[in-house]
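Go by the hints and put chain B onto chain A.
Sequences listed follow chains A and B, in order.
Position one of the first sequence corresponds to residue 1 (this note's numbering), numbered consecutively onward.
Position one of the second sequence corresponds to residue 1 (this note's numbering), numbered consecutively onward.
Think of the hints as simulated: they come from the structure by calculation, not from any bench.
Note that beta-carbon positions come from the ideal geometry of N, C-alpha and C, so glycine has one too.
Rough simulated footprint, nothing fancy, chain A against chain B, three-plus residues with beta-carbon under 8 Å:
no.: 1; stretch: 14–26
no.: 2; stretch: 29–37
no.: 3; stretch: 105–111
Calculated from the model, a selection of chain B residues having no Cβ within reach of chain A, i.e. all distances over 10 Å:
no.: 4; residue: G93
no.: 5; residue: R132
no.: 6; residue: S141
no.: 7; residue: D142
Simulated restraints, written as ranges between beta carbons of each label pair:
no.: 8; chain 1: B; residue 1: G29; chain 2: A; residue 2: G59; range: 43 to 53 Å
no.: 9; chain 1: A; residue 1: V80; chain 2: B; residue 2: Q145; range: 24 to 34 Å
no.: 10; chain 1: A; residue 1: F92; chain 2: B; residue 2: A59; range: 36 to 46 Å
no.: 11; chain 1: A; residue 1: F92; chain 2: B; residue 2: S115; range: 40 to 50 Å
no.: 12; chain 1: A; residue 1: L56; chain 2: B; residue 2: Y12; range: 16 to 26 Å
no.: 13; chain 1: A; residue 1: L56; chain 2: B; residue 2: E128; range: 12 to 22 Å
no.: 14; chain 1: A; residue 1: F92; chain 2: B; residue 2: L156; range: 25 to 35 Å
no.: 15; chain 1: B; residue 1: H171; chain 2: A; residue 2: G59; range: 50 to 60 Å
no.: 16; chain 1: B; residue 1: P130; chain 2: A; residue 2: V100; range: 44 to 54 Å
no.: 17; chain 1: A; residue 1: T97; chain 2: B; residue 2: I110; range: 26 to 36 Å
no.: 18; chain 1: A; residue 1: T97; chain 2: B; residue 2: L99; range: 13 to 23 Å
no.: 19; chain 1: A; residue 1: Q60; chain 2: B; residue 2: G91; range: 45 to 55 Å
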Amino acid sequence: MELEIHVFHYLVVSTVMLFCGIYGFCTRKNLLAMLISVELMLNASNINFAVFNRYLFPGQLEGHFFSLFGIAIAAAETAVAIAIIINVYRNFNRVLTDDVSHMKG
Amino acid sequence: MMDLSLLDITFYATAAVIIVCSILAVTTGRIVRSATYLLFVLFGTGVIYSMLGYTYLGAVQLMVYAGGIVVLYIFSILLTRSSQTMRYRIGRGRLAAVLAATATGAVLVIFLLASQHFALVAIPQGVELPAREIGHAMIGSDKYQYVLPFEIVSVLLVACMIGAILIARRHK
Chain A
1 MELEIHVFHY
11 LVVSTVMLFC
21 GIYGFCTRKN
31 LLAMLISVEL
41 MLNASNINFA
51 VFNRYLFPGQ
61 LEGHFFSLFG
71 IAIAAAETAV
81 AIAIIINVYR
91 NFNRVLTDDV
101 SHMKG
Chain B
1 MMDLSLLDIT
11 FYATAAVIIV
21 CSILAVTTGR
31 IVRSATYLLF
41 VLFGTGVIYS
51 MLGYTYLGAV
61 QLMVYAGGIV
71 VLYIFSILLT
81 RSSQTMRYRI
91 GRGRLAAVLA
101 ATATGAVLVI
111 FLLASQHFAL
121 VAIPQGVELP
131 AREIGHAMIG
141 SDKYQYVLPF
151 EIVSVLLVAC
161 MIGAILIARR
171 HK
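Here chain A stands alone, though its shape is the one from the complex:
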């Protein structure tokens, strides 16, 4: 039996990761737990960029750099989100989605 690692194996891993992130984002009520789920989704997309770059266009670097910039932007996004969450904690003494519903419309 031939066992080579195909694109498919990587994509299954990233698919499971993405849908775990979606599940967590919809089920959690704590803002930080939701942010952790967002990180899972971002990671899944970064894996996809790297894998497609490596397997389909191994001579080029677009996917690699997209992942690289994605990681940097995820870091920036996390910093701002955590600052906002700490501000929410200061106002409500807890960080639940039920508390921050003023902009819900």
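Quick look at chain B alone, frame taken from chain A:
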């Protein structure tokens, strides 16, 4: 007789760790454990980048995510006392709906991937992308070179850090 190379074993072990830990990260009831499982998932992602030959990307993943972001998470979890608010859950009906939707979505996407021919492409692995090439592509300004996004990302990072400090600062 199955012929497993070391690379195959590494990949399947990493894939198992990633799948189990990402499921646990969104189902566990304690948020510090959730952050720890996220850390394991990020380590696994770094291993996958390295296996693809993108060792630089793997190193960036370990430094930025595992070294920076997870520490930020742990600190903010402790600062906001999030472990006390994890007992608030969504309703049972909505939970079932979300579970059904995500499970269906995952199965559909995996089926779609399995039915595509590109998913069976394989290339020789473990060919490391040299750091010199990455450096030339990142600082060059020709076609397929990325000095402009690089600079924009650095400006964005500075702006985000200043914004984060301004938002999180205690107002008097």
